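Engineer: Residue numbers (my numbering), protein chains in the order written: chain G, 23 to 157; chain Z, 23 to 157; chain F, 23 to 157; chain H, 23 to 157; chain A, 23 to 157; chain X, 23 to 157.
Calculated directly from the structure, the hints in this document are not laboratory data. It is possible that part of the hints are untrue.
When the alpha-carbon atoms are kept at most 30 Å apart in a straight line, the in silico DSBU-like pairs for lysine-lysine are as follows [claimed, not checked]:
#1 F/Lys90 to F/Lys55
#2 F/Lys41 to F/Lys87
#3 Z/Lys90 to A/Lys90
#4 H/Lys87 to X/Lys133
#5 A/Lys55 to H/Lys133
#6 Z/Lys90 to H/Lys144
#7 G/Lys90 to G/Lys30
#8 G/Lys144 to H/Lys87
#9 G/Lys133 to G/Lys144
#10 F/Lys91 to X/Lys133
#11 G/Lys144 to Z/Lys41
#12 Z/Lys144 to G/Lys87
#13 Z/Lys87 to A/Lys91
#14 Z/Lys91 to F/Lys87
#15 A/Lys41 to A/Lys133
#16 X/Lys30 to Z/Lys30
#17 H/Lys91 to H/Lys114
#18 Z/Lys87 to H/Lys48
#19 A/Lys90 to Z/Lys91
#20 G/Lys91 to G/Lys30
#21 H/Lys91 to X/Lys30
#22 X/Lys41 to X/Lys91
#23 G/Lys87 to F/Lys87
In this text, all values refer to a predicted model and were calculated from it rather than measured experimentally.
Number of protein chains: 6
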Amino acid sequence: MSLTVYRKAHFNAAHRLYKEEWSNEKNALIFGKCSNPNYHGHNYDLEVGVTGEIDEETGFLIDLKILKKVIYEEVEVPFDHKNLNLEVEAFKTVNPTVENIAIEIYNRIVKRLDSRFDISVKLYETPRNFVVYTG
Amino acid sequence: MSLTVYRKAHFNAAHRLYKEEWSNEKNALIFGKCSNPNYHGHNYDLEVGVTGEIDEETGFLIDLKILKKVIYEEVEVPFDHKNLNLEVEAFKTVNPTVENIAIEIYNRIVKRLDSRFDISVKLYETPRNFVVYTG
Amino acid sequence: MSLTVYRKAHFNAAHRLYKEEWSNEKNALIFGKCSNPNYHGHNYDLEVGVTGEIDEETGFLIDLKILKKVIYEEVEVPFDHKNLNLEVEAFKTVNPTVENIAIEIYNRIVKRLDSRFDISVKLYETPRNFVVYTG
Amino acid sequence: MSLTVYRKAHFNAAHRLYKEEWSNEKNALIFGKCSNPNYHGHNYDLEVGVTGEIDEETGFLIDLKILKKVIYEEVEVPFDHKNLNLEVEAFKTVNPTVENIAIEIYNRIVKRLDSRFDISVKLYETPRNFVVYTG
Amino acid sequence: MSLTVYRKAHFNAAHRLYKEEWSNEKNALIFGKCSNPNYHGHNYDLEVGVTGEIDEETGFLIDLKILKKVIYEEVEVPFDHKNLNLEVEAFKTVNPTVENIAIEIYNRIVKRLDSRFDISVKLYETPRNFVVYTG
Amino acid sequence: MSLTVYRKAHFNAAHRLYKEEWSNEKNALIFGKCSNPNYHGHNYDLEVGVTGEIDEETGFLIDLKILKKVIYEEVEVPFDHKNLNLEVEAFKTVNPTVENIAIEIYNRIVKRLDSRFDISVKLYETPRNFVVYTG
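All chains should be modelled from the sequences, with the hints used to inform the complete structure.
Structural biologist: Here it is as structure tokens:
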């Protein structure tokens, strides 16, 4: 038996793909136009899934008001209208690929929710490129 | 090896979140504006998944005409343009949260299809809130 | 020359199509299952368009924060999670067809914005049925 | 731990459902209007998922430029603007149901990517009918 | 004052772009892969708009059941799961470009509705290519 | 009589709203978080409409291959994966609001197409905020 509740959110941010240890030439070779030193940006679309058991009392798996608040505080406030490389601590040392952003979002949300839940994160960088991370 | 065929459908219904055993104050506290005694409503979007083996003869996992008919009879006829609390038997005693509606849909469909199939139900209450139930 | 800025919003509501002057039979004949006395509901999607001239100083036609606030106060607060027939004054006497809801929204928004703007309202009752009203 | 990267693509093609061993009557009975001898067609939407481990060096699970190139060469070039029954070798003997097309796409892609990856194929024949195949 | 009601529908069809008066080489030069002699196909998405005045009695501009029936009889029955070049009379002599298909749909619908209405047809050949025709 | 052909495209870019003549405080007051000095970004979705008469010879209003090429050269190459403020000449002096970006795109496209056509530009900054400019 498996029941999962999903909540969508979104944020708009600038980023560049870049490794400090590499030369500019190597960054351009591996990351192409995503490595533009002046940054580019995306409308990131996020779906957070919470898997667990239904509370027979309320008929909720989780109160969506709580999930919405956690996503707001852990993702929207720190990421929306930000430059991910310069303004999010984790991405000062970790390359902000869509894979790494999804892992960072997972880690932020999992520590705020009860450990009886399994969490999944689906993150769209564009409508054609996206990832799913399940911890 | 896993192959799943999906069929979408939709229905428009009114509901309210409400527990008879609770006071109006407690209903309002826990369910907020979803507990409006005059009801509100949604365009519910449904995706039913059927997992099984391909029939080498036809190249179908399941004839979609059959799946479409089952969804029509078990979900669209009883739920579309209805008040879920007042007009669907199950929700006279069970709170029609999106979780419970998905479970009810699952139970209705699974009893109509061959037991060699595994069934999943994805139900959108709004484009931003949805659940997946797999029995 | 024409420049229009659009802002989307949404609300979830219950309604029924019904004319008090008509018998139940005539209501059922004309409005079909939309006339269910127990109500049904929709996720209404709204696009408000504002046509005018660009402010050379800011590069804005209208500050979207203002438009968003007007839509919130005039549409989302009074309509979201409500029963339109019972809880919105206008629809106690006017049948809440998608046409009449769009006209009501138009009238509410136009009186809050500067008369130099032309307003349009696009309202989806379902993804397949919608109207555009331009005053 | 599970991380999956997805890439979308699409192709437009003609097909008919048809078994040579069957009479025209039996084809019409089983496949209905999908068996029209003059063909009909679809805009097929494809999502290819690649599951594996992140490369700590780049922050990529797979370089999407490579995945995009594989999908282009293995699916878009041979399938786009083609008659699947007449112009794709596999479907001269296999009925081009959406199930069989997804399996064919899976087999083409899996042989081009490193065996450390798990592959999934989601194929939409229409926005309401789709399949997922995971090998 | 302008009020327009829209109804969506869709059909799946095969076609090729082709002018009989031209050589195969010229057809291939002008129409490219759309001229494949074996046909290709699309999921066509259609939005029919009807502009007029609201009926104060019902609150409807037009009864959508009527519009839905006209679209079904004039477009879905003759076009869905068909080869447009071979099975729709108009396209035996007129090239079935998305422009010409939209004009044909307009002409079929306009003759079925009251002349007090203005009709518009929006037709998507793919999610990225579409036309609007207003007579 | 009116016939319009539309072609969609998209680009991902960074920008900030900012007027050099204003203090940082005034920029922050008027443009809010859109004025972040480190930039933020968007997936811009673009629909270009071309209104004109059908070419009876081809059945095309305009060859979409030509329109696609113009959009690619005038919008995608100069804007995609760029910082609009720093790397697009026009936005060194003009504030890159969605209104001004749409006007710039219009001006670039109109000078490349035959003057017998009327052009419209619809530009989405997010799925909820967009503009239409018709010259």
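Engineer: Please go over all the hints and tell whether each is borne out by the structure.
Structural biologist: Hint-by-hint comparison with the structure:
At roughly 34 Å between alpha-carbon atoms, F/Lys90 and F/Lys55 are farther apart than 30 Å, so this suggested pair is violated. Pair hint F/Lys41 plus F/Lys87 does not hold up; C-alpha atoms about 38 Å apart against a cutoff of 30 Å. Pair hint Z/Lys90 plus A/Lys90 holds up; C-alpha atoms about 20 Å apart against a cutoff of 30 Å. For the hint pairing H/Lys87 with X/Lys133, the CA-to-CA distance comes to about 33 Å; that exceeds 30 Å, so the pair is violated.
At most 30 Å may separate the alpha-carbon atoms for a hinted pair to count; A/Lys55 and H/Lys133 meet this at roughly 28 Å. As the CA atoms of Z/Lys90 and H/Lys144 are separated by approximately 20 Å, the hinted pair is consistent with the 30 Å bound. A C-alpha spacing of about 9 Å is found between G/Lys90 and G/Lys30, which places the hinted pair at or below 30 Å, so the restraint holds. For the hint pairing G/Lys144 with H/Lys87, the CA-to-CA distance comes to about 20 Å; that is within 30 Å, so the pair holds.
Between the alpha carbons of G/Lys133 and G/Lys144 the distance comes to roughly 17 Å, so the proposed pair stays at or under 30 Å and holds. Straight-line distance between C-alpha atoms of F/Lys91 and X/Lys133 comes to about 38 Å, which puts the hinted pair past the 30 Å bound. As the CA atoms of G/Lys144 and Z/Lys41 are separated by approximately 33 Å, the hinted pair breaks the 30 Å bound. With a CA separation close to 20 Å, the supplied pair Z/Lys144 and G/Lys87 stays within the 30 Å bound.
Distance restraint check for Z/Lys87 and A/Lys91: the Cα-Cα separation of roughly 22 Å lies within the 30 Å cut-off, and the hinted pair is therefore satisfied. With a CA separation close to 47 Å, the supplied pair Z/Lys91 and F/Lys87 exceeds the 30 Å bound. Straight-line distance between C-alpha atoms of A/Lys41 and A/Lys133 comes to about 28 Å, which keeps the hinted pair within the 30 Å bound. Of the supplied pair hints, the one linking X/Lys30 and Z/Lys30 holds, its CA atoms being roughly 26 Å apart against a limit of 30 Å.
In summary, the hint linking H/Lys91 to H/Lys114 is supported, as the alpha carbons are separated by about 26 Å, within the 30 Å threshold. Only pairs whose Cα atoms come within 30 Å are accepted, and Z/Lys87 paired with H/Lys48 is accepted, the gap being roughly 16 Å. Annotation: proposed proximity of A/Lys90 to Z/Lys91 holds, straight-line Cα distance about 21 Å (limit 30 Å). As the CA atoms of G/Lys91 and G/Lys30 are separated by approximately 12 Å, the hinted pair is consistent with the 30 Å bound.
Proposed proximity of H/Lys91 and X/Lys30 is supported: the alpha carbons are some 22 Å apart, at most 30 Å. A distance of roughly 33 Å separates the Cα atoms of X/Lys41 and X/Lys91; the hinted pair therefore is violated under the 30 Å criterion. A hinted pair counts as satisfied when its Cα atoms are at most 30 Å apart, and G/Lys87 with F/Lys87 qualifies at roughly 24 Å.
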